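K.L.:
Spelled out from the first residue to the last, the chains are:
2 protein chains.
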Amino acid sequence: MNVPYRVLSLLRDNGPLSRAQLADRLEVPRPRLLAELDRLVATGKVLDAGPAASRGGRRSTLVRLDPGLRFAAVDLGASSIDIEITNGGLDPVASYSETADIRSGPVGILGRVSELLHKLGAKGHYTRLDAIGIGLPGPVSFRDGVPVSPPIMVGWNRYPVRDTLAREHDCPVVVDNDVNVMALGERHSGVARSVEHLLFVKIGSGIGSGMQHHGRIYRGAEGCAGDIGHIQVETEGPVCTCGNTGCLEAYFGGASLARDATAAALTGRSPALAARLAERGALTAVDVAECATGGDTAAIGLIRTGGQRVGQVLATLVSFMNPSMIVIGGGLAGLGYLLLAEIRSVVYKRSLPLATGNLPIVMSELGPRAGVVGAALLASELAYGGE
Amino acid sequence: MNVPYRVLSLLRDNGPLSRAQLADRLEVPRPRLLAELDRLVATGKVLDAGPAASRGGRRSTLVRLDPGLRFAAVDLGASSIDIEITNGGLDPVASYSETADIRSGPVGILGRVSELLHKLGAKGHYTRLDAIGIGLPGPVSFRDGVPVSPPIMVGWNRYPVRDTLAREHDCPVVVDNDVNVMALGERHSGVARSVEHLLFVKIGSGIGSGMQHHGRIYRGAEGCAGDIGHIQVETEGPVCTCGNTGCLEAYFGGASLARDATAAALTGRSPALAARLAERGALTAVDVAECATGGDTAAIGLIRTGGQRVGQVLATLVSFMNPSMIVIGGGLAGLGYLLLAEIRSVVYKRSLPLATGNLPIVMSELGPRAGVVGAALLASELAYGGE
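Those protein sequence lines, which keep their order, are chains A and X.
Basically the working numbering = 1-based index in the first sequence + 11.
Basically the working numbering = 1-based index in the second sequence + 11.
If you're looking for bench data, these hints aren't it; they were derived computationally from the structure.
These numbers come from a predicted model, not from an experiment.
There's no promise every hint is true.
Distance ranges between label pairs, derived from CB positions [unchecked claim]:
hint, chain 1, residue 1, chain 2, residue 2, range
1, X, Gly306, A, Lys360, 50 to 60 Å
2, A, Ser90, X, Ser160, 39 to 49 Å
3, A, Gly292, X, Thr278, 51 to 61 Å
Below 20 Å or equal to it, Euclidean Cα-Cα: the simulated DMTMM-like pairs (lysine to aspartate or glutamate) are [unchecked claim]:
hint, chain 1, residue 1, chain 2, residue 2
4, A, Lys130, A, Glu207
5, X, Lys130, X, Asp155
6, A, Lys130, A, Asp49
7, X, Lys134, X, Asp93
8, A, Lys134, A, Asp174
9, A, Lys134, A, Glu109
10, A, Lys360, X, Glu247
11, A, Lys134, A, Asp181
12, X, Lys360, A, Asp181
13, X, Lys360, A, Glu179
14, A, Lys130, A, Asp93
15, A, Lys360, X, Glu245
Each residue gets a CB set at the ideal place from its N, CA and C atoms; glycine is no exception.
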């Protein structure tokens with residue numbers, strides 16, 4: 012057993028614990044535990060934190076993570092940079108977000124990420140970083156720390172993301188796919204806590220998914236497992252950005268929804284969307300959500316149809332994977348109950364009854380924070396010596 | 012480390028080994044290994060087998076599995092019972108097959124299985140069984156050793172298959188889904204040896220799949236993972252035996268192929284199939300295969316269309332799971348290269364390029380033996396103390 016990692020992750024997830032509590036939880040002989048704790052204190056990861064409440068016998072002393080531990084969590088989206096600085100227990104001590112076009116390339120984007128991190132350091136949020144975790148919107152070779160043939164990340168193929176950031180910030184760095192990272196966050200401190208077989212579905216500009224089995228990310232042979240946006244839902248269908256026809260993303264996701272909403276506005280099917288288009292010059296998923304809430308039939312129809320398409324793909328995946336829970340996250344999760352109801356209706360109707368009997372399909376609890384929470388968790392796993 | 016299990020499985024997979032070779036392979040201190048071997052000899056699982064060839068130093072003695080070890084492997088299909096008796100190294104010492112309708116229920120079928128096993132014992136193929144492994148054509152609760160809501164196994168729901176056979180034969184019994192068992196066989200001694208992420212697809216009367224990650228079967232939350240026969244391939248489509256419309260099995264598999272072949276014969280589209288129907292009164296997949304080989308256009312068309320439907324579902328699963336290899340097995344694998352070519356063509360065209368770049372799609376090597384090989388392996392894992 013990896014005792015140092017177990018100690019550090021217990022302190023991360025539970026806060027300060029007494030030596031006696033740690034010995035109980037880890038089932039390690041007390042002398043070995045005390046020796047390991049001494050080593051962790053010597054490396055500056057763990058501190059003594061005074062006497063614990065008495066349990067009747069000899070007083071035990073509390074240990075806690077060093078309050079100076081700092082992780083940087085970075086979530087890169089198609090059009091956004093989100094950063095959180097956390098302490099060793101993953102509580103946020105600072106956060107920052109801005110828009111940025113991932114297609115402007117790795118030099119510009121990673122340069123900006125480093126600049127933002129240095130600024131947060133200069134403001135006193137950290138003196139040094141213990142690790143950085145970063146999620147990218149595309150397939151990632153986890154082992155090499157590089158994106159691999161990422162469809163929307165023009166110019167990023169095999170760019171050394173991990174090594175670039177590690178050199179710049181002189182700390183270990185871990186890189187993963189953004190949906191895997193969100194799934195990790197949701198399982199660690201969101202709605203999917205301790206779920207055995209988790210299927211996390213991100214519906215944002217595009218659509219992706221991440222799987223976790225007993226808390227371990229499933230990546231597949233080439234690291235691209237979960238890439239469901241280009242699954243074909245109709246043999247004949249609209250042309251997708253990928254060049255194929257009838258992909259899920261050609262039917263739904265932020266980009267397709269904006270396209271369909273604009274069409275509904277221009278053809279007079281939706282007076283509400285037409286008014287917004289005239290006012291703002293362009294439509295997004297937020298407009299569709301608000302018009303649907305306002306009762307606009309066409310907007311409601313767009314969400315329903317999208318939910319059915321997503322449900323159609325998920326019904327297939329549920330029969331195949333038999334997950335314990337499905338969590339829907341990403342920007343379009345904001346479309347709310349109407350979307351969820353449609354997805355549920357198709358999955359519960361179409362999948363194997365045995366696979367849906369005990370299957371919750373729920374919204375993400377962490378919302379837009381899922382990515383940074385997962386990235387911080389990955390960073391801590393690396394720093395604490397997890398696998 | 013579970014040393015006894017490691018020793019027994021090494022001897023199973025490699026044949027006799029010297030004590031020195033075992034110590035090398037297991038990286039266990041020699042005194043501990045020798046003590047474990049003594050215990051295995053005392054329990055009658057392992058024998059001394061004389062001196063090993065010299066490696067220059069002190070002569071080491073060979074150890075081997077006791078030649079009297081016996082496993083029974085049972086593969087129940089929709090319409091068949093296949094049995095193999097193996098030694099401890101999984102080499103067959105006797106085998107027997109007969110037709111049987113699974114719908115005649117658990118009492119009749121398991122009674123017949125026990126009768127056949129006792130007969131094989133009476134013929135001297137074993138004196139006692141060390142374990143039985145059995146595959147069933149439906150979802151199985153592996154933990155409880157019972158089928159769970161199996162669609163084609165009328166009357167079998169939660170029947171205590173494991174406990175019935177264990178009582179009757181006074182040995183441990185392990186029960187699993189037939190496709191999981193075939194996948195195990197193929198990975199242990201077929202075409203998929205040591206493949207990391209295996210997707211095994213069985214196309215028989217119905218269609219199912221089994222996954223293995225690093226040699227471990229993936230079962231999902233309720234044990235029904237891989238049940239792909241009722242995935243919807245068309246929203247509007249033929250009615251399936253399950254009551255839904257457009258399921259994969261409503262398009263392809265032995266039952267659908269017989270139906271479509273009969274229609275092709277009766278409507279005059281296939282003179283070759285019509286001639287066979289007139290001669291035999293009914294058509295099966297074998298007739299379609301033979302007429303296709305003979306150049307019959309309609310028969311070729313049936314296999315092509317079926318391959319495309321299977322390919323369509325597999326393309327989705329490949330994007331999602333990103334397997335290292337796909338193996339096609341089951342009775343209809345006999346349709347041969349034409350079927351395989353269609354499946355490959357659709358998967359390679361439709362799935363994510365990163366997921367198909369290094370993806371072999373191949374025929375089962377063990378063919379109809381895959382099930383009993385896997386069932387024997389499961390039995391041995393149980394008897395040797397694997398997880």
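K.L.:
Work down the list of hints and note, for each, if the structure agrees.
P.N.:
Here is what the structure says about each hint:
For the hinted restraint 50 to 60 Å between Gly306(X) and Lys360(A), the CB-CB distance of approximately 43 Å leaves it violated. Taking 39 to 49 Å as the suggested C-beta distance range, the pair Ser90(A) and Ser160(X) conforms, at roughly 46 Å. The hinted range of 51 to 61 Å is satisfied by Gly292(A) and Thr278(X), whose Cβ atoms lie roughly 59 Å apart. A hinted pair counts as satisfied when its Cα atoms are at most 20 Å apart, and Lys130(A) with Glu207(A) does not qualify at roughly 39 Å.
For the hint linking Lys130(X) to Asp155(X), the alpha-carbon distance of about 28 Å lies beyond 20 Å, and the restraint is violated. With a C-alpha separation of about 34 Å, the suggested pair Lys130(A) and Asp49(A) falls outside the 20 Å cut-off, and the hint is violated. Distance hint between Lys134(X) and Asp93(X) is fulfilled; the C-alpha atoms sit about 17 Å from each other, no more than 20 Å. With a C-alpha separation of about 25 Å, the suggested pairing of Lys134(A) with Asp174(A) is violated against the 20 Å cut-off.
About 18 Å separates the Cα atoms of Lys134(A) and Glu109(A), which keeps this hinted pair within 20 Å; it holds. Straight-line distance between C-alpha atoms of Lys360(A) and Glu247(X) comes to about 15 Å, which keeps the hinted pair within the 20 Å bound. The hinted pair formed by Lys134(A) and Asp181(A) meets the criterion: a straight-line CA distance of about 19 Å does not exceed 20 Å. For the proposed pair Lys360(X) and Asp181(A), the alpha carbon gap of about 43 Å is over 20 Å, so the pair is violated.
A hinted pair counts as satisfied when its Cα atoms are at most 20 Å apart, and Lys360(X) with Glu179(A) does not qualify at roughly 41 Å. For the given pair, Lys130(A) sits about 14 Å from Asp93(A) by alpha-carbon distance, which is consistent with the 20 Å threshold. Between Lys360(A) and Glu245(X) the alpha-carbon distance is near 15 Å, which keeps this suggested pair within the 20 Å criterion.
Hint violations for this structure: numbers 1, 4, 5, 6, 8, 12, 13, all remaining hints satisfied.
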